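Novice: Letter by letter, the chains look like this.
There are 2 protein chains.
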Amino acid sequence: MDSIKNLITLLGQNARTAAKTLRSADTQQKNNALNNIAAQVDKDRKNILNANQKDLEQSKNNGLDTALLDRLMLDDTRLDGIIESLSQIATLSDPVGEITDLKFRPSGIQVGKMRMPLGVMGIIYESRPNVTIDVAALCLKSGNGVILRGGSEAINSNLALYSCVKQGLINAGLDQNCVQLIDTTERSVVSELVQATAYIDAIIPRGGKGLVEAISDSAKVPVIKHLHGICHTYIDKDADKRKAIDIAFNAKTRRYGVCNATETLLVHASAVGRIMPELIAKFVTKGVELRGCKETKKLSKQIIQATEQDWDTEYLDAILSIRIVNSMSEAIAHIDRHSSGHTESIVTENYTSGRRFITEVDSSSVMINTSTGFADGFEYGLGAEIGISTDKFHVRGPVGLEGLTSQKYIVLGDGHTRP
Amino acid sequence: MDSIKNLITLLGQNARTAAKTLRSADTQQKNNALNNIAAQVDKDRKNILNANQKDLEQSKNNGLDTALLDRLMLDDTRLDGIIESLSQIATLSDPVGEITDLKFRPSGIQVGKMRMPLGVMGIIYESRPNVTIDVAALCLKSGNGVILRGGSEAINSNLALYSCVKQGLINAGLDQNCVQLIDTTERSVVSELVQATAYIDAIIPRGGKGLVEAISDSAKVPVIKHLHGICHTYIDKDADKRKAIDIAFNAKTRRYGVCNATETLLVHASAVGRIMPELIAKFVTKGVELRGCKETKKLSKQIIQATEQDWDTEYLDAILSIRIVNSMSEAIAHIDRHSSGHTESIVTENYTSGRRFITEVDSSSVMINTSTGFADGFEYGLGAEIGISTDKFHVRGPVGLEGLTSQKYIVLGDGHTRP
Chain V
1 MDSIKNLITL LGQNARTAAK TLRSADTQQK NNALNNIAAQ VDKDRKNILN
51 ANQKDLEQSK NNGLDTALLD RLMLDDTRLD GIIESLSQIA TLSDPVGEIT
101 DLKFRPSGIQ VGKMRMPLGV MGIIYESRPN VTIDVAALCL KSGNGVILRG
151 GSEAINSNLA LYSCVKQGLI NAGLDQNCVQ LIDTTERSVV SELVQATAYI
201 DAIIPRGGKG LVEAISDSAK VPVIKHLHGI CHTYIDKDAD KRKAIDIAFN
251 AKTRRYGVCN ATETLLVHAS AVGRIMPELI AKFVTKGVEL RGCKETKKLS
301 KQIIQATEQD WDTEYLDAIL SIRIVNSMSE AIAHIDRHSS GHTESIVTEN
351 YTSGRRFITE VDSSSVMINT STGFADGFEY GLGAEIGIST DKFHVRGPVG
401 LEGLTSQKYI VLGDGHTRP
Chain W
1 MDSIKNLITL LGQNARTAAK TLRSADTQQK NNALNNIAAQ VDKDRKNILN
51 ANQKDLEQSK NNGLDTALLD RLMLDDTRLD GIIESLSQIA TLSDPVGEIT
101 DLKFRPSGIQ VGKMRMPLGV MGIIYESRPN VTIDVAALCL KSGNGVILRG
151 GSEAINSNLA LYSCVKQGLI NAGLDQNCVQ LIDTTERSVV SELVQATAYI
201 DAIIPRGGKG LVEAISDSAK VPVIKHLHGI CHTYIDKDAD KRKAIDIAFN
251 AKTRRYGVCN ATETLLVHAS AVGRIMPELI AKFVTKGVEL RGCKETKKLS
301 KQIIQATEQD WDTEYLDAIL SIRIVNSMSE AIAHIDRHSS GHTESIVTEN
351 YTSGRRFITE VDSSSVMINT STGFADGFEY GLGAEIGIST DKFHVRGPVG
401 LEGLTSQKYI VLGDGHTRP
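Heads up: the sequence lines are chains V and W, in that order.
For the first sequence, the UniProt record's numbering begins at 1 and goes up steadily by one.
For the second sequence, the UniProt record's numbering begins at 1 and goes up steadily by one.
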């Protein structure tokens, strides 16, 4: 236990020192590092794939299921993706040092804000080895030091990728401790890491709800967390039929296993007759299991009775719960009670309904006439995302480079003193 | 203990319900409440001053010192200040619902951000009763519910002021639970409050370093904290003599007991001969005790030898530590090591030095050619401040209405589905 504490202290001190230099590294130097890492991954393909093979074999022997093995697996196409993502992050504009809102005050001083890195991030993630590179790249570009803790099943892949990161940093003249990977698979490392307020400024857990909850419960360091996505699409009484059907269908069936998929459809009673027969038929043809409230059940024999638990379930599957409501207030009340605060969308042609929905619904993304499937860092123009925050503190929704920074004040004067 | 837990649960549930309605209350209604509270305080002067008298007498009997008694004391002038502050907050623009950065994306959707309240705030404070009103007003205007826990020595004053708040809320047609005051002086209330993640979105402790540290150590709810202000003024080799003397003198002597007072003066060796004799004489005449490094000590017999501990001390008194440095890098290294991250200022006519200082120094306020005394919400144009954050997460520096909010995403489309 003491040796783990010592390890975290050492990593923490290294990270603090490195982050200090990274804070004022210029944009070109950071971009050079990113491009160097990309080149190194390309050069090391064989080595990385061999390491990944080792992880895959070990995991098969340990009886990991197919879905997990797929997440763990790397091949040339996935390495191409990693390389592409590095070049993309290099082209994003640097958030650090951006000055905004610089204004004169009556006293004569000018007051503005300058964007700065948070400091040192701790990232705890599960099986996907590409996270090692993605996260290193986003932290690097946003000027943050980072300590990575990947899943034990991916340790060889992660180490192989991490050696590319280290080489890329050194080649760009940056401190190699800007990114550090914890190479022990000892479990107590995580509990020490999330307590290390002296060295870590924020923790981002990337993984299932279980991991995120466990970390949030024990952390002393602030956590940027993404719990789950119980997203709603609400078809208003004034919804356009075509848009309603397209949006609801896309929001559920685009991909089932993603957090921005709609899990519950709310429908205004007076829109049911006009829209639902066609929409239900479409879902049934697609093979989506429908679980409805009492009123919904009357619409088709294919619809199973929903239980109270359904409204609180993130299916991540070809299942949709449907509830008919008598007013928009009822729809908003349902969302308030059952949403996980991720993403909700209204389909309506009515200006007042749309205006009210985006004002009153308090989720990290609120939409009018679009599929909840758009809730994503790339679609929002962030260039990349390190995760999606369902918290309200610090940052909400998809977290890009800006979410890894905050703003200090700058004050410019000419000998001003305060009376 | 269980009864305290039940109390917090009840207050928390009330606050959540009230905050939900407050989130979408319109600006006029919130301003009406603020003006109503002001009118009620004016009407209740006698009652408030009587209650305050009770607190003062009890505190005198308990042997509270003069400084604390002064903080606790209310009179007509201070009530005028409270009333004035309420009207000022009513005139500030409403941060809630502000939409920014709404832009079209290549997919055809428009993506922007909308500012929303954090939810429910918990404020833990010490003897000043005016905090009850100031904090209630700022939370109200920013759309947040709030649970207040004041010092036990001010309980009667706080209850009298709180009854004005309640009346003001009711008269404006708002839920009176938007603001709740904990009326038990039981100490375990605080530890329950800072654990109540289900009901409280952020805690702001307002008080001495001891209070803030104790709360941060035990809190599960995010804390916006202001630990202390060890602020630095650095006189660069290219400083203008007049500006350097005026700024350094003002930064130390404007008021001694405030967190934005400069505690350490750093002086470039090559500026010493030109500037320090006059500046030292000025400090000595004013009665400021000077504690210097070895080199500084040579300048005057009045200067005491500084110890290592001096560089880490917030004097809040007529004491200044002085260190002569051989380069700006040395000055920045000293600040990095000893600053509390509150406010630092450089005095220089050199463009490159100024640019480097504001980029590299990572404190919540960084200044060029101004007194650190300007680090203040009113001076920055926030209209009012609920505290000063020395954290980096969520908000840095003086915290006004915006610091009590965060931004959700809004997405506007026209039937868009994601491929």
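For the record, the hints were derived by calculation from the structure and aren't laboratory data.
Careful, some of the hints might be misleading.
[What the hints assert, rightly or not] Pairs of lysine-lysine residues, derived as DSS-like cross-links and limited to a Cα-Cα distance of at most 27 Å, are as follows: (1) W:Lys5 / V:Lys220; (2) W:Lys220 / V:Lys5; (3) V:Lys20 / V:Lys43; (4) V:Lys297 / V:Lys286; (5) V:Lys103 / W:Lys103; (6) W:Lys209 / V:Lys20; (7) V:Lys237 / V:Lys286; (8) W:Lys237 / V:Lys20; (9) W:Lys220 / V:Lys209; (10) W:Lys20 / V:Lys209; (11) V:Lys166 / V:Lys54; (12) W:Lys297 / V:Lys220; (13) W:Lys297 / W:Lys241; (14) W:Lys237 / W:Lys294; (15) W:Lys113 / V:Lys113; (16) V:Lys103 / W:Lys113; (17) W:Lys103 / V:Lys113.
[Said to hold, decoys possible] Part of the chain V face toward chain W, derived, beta carbon under 10 Å: (18) Arg23; (19) Val96; (20) Thr359; (21) Ser364; (22) Gly381.
The model shown is predicted, which means the values in this text are computed figures rather than measured ones.
Note that beta-carbon positions come from the ideal geometry of N, C-alpha and C, so glycine has one too.
Novice: For each hint, tell me whether it holds in the structure or not.
Specialist: We went through each hint and held it up to the structure:
| no. | hint | result |
| --- | --- | --- |
| 1 | W:Lys5 / V:Lys220 | 22 Å, holds |
| 2 | W:Lys220 / V:Lys5 | 22 Å, holds |
| 3 | V:Lys20 / V:Lys43 | 30 Å, violated |
| 4 | V:Lys297 / V:Lys286 | 18 Å, holds |
| 5 | V:Lys103 / W:Lys103 | 24 Å, holds |
| 6 | W:Lys209 / V:Lys20 | 26 Å, holds |
| 7 | V:Lys237 / V:Lys286 | 25 Å, holds |
| 8 | W:Lys237 / V:Lys20 | 24 Å, holds |
| 9 | W:Lys220 / V:Lys209 | 18 Å, holds |
| 10 | W:Lys20 / V:Lys209 | 26 Å, holds |
| 11 | V:Lys166 / V:Lys54 | 22 Å, holds |
| 12 | W:Lys297 / V:Lys220 | 43 Å, violated |
| 13 | W:Lys297 / W:Lys241 | 21 Å, holds |
| 14 | W:Lys237 / W:Lys294 | 19 Å, holds |
| 15 | W:Lys113 / V:Lys113 | 19 Å, holds |
| 16 | V:Lys103 / W:Lys113 | 22 Å, holds |
| 17 | W:Lys103 / V:Lys113 | 22 Å, holds |
| 18 | Arg23 | 6 Å, holds |
| 19 | Val96 | 9 Å, holds |
| 20 | Thr359 | 6 Å, holds |
| 21 | Ser364 | 6 Å, holds |
| 22 | Gly381 | 6 Å, holds |
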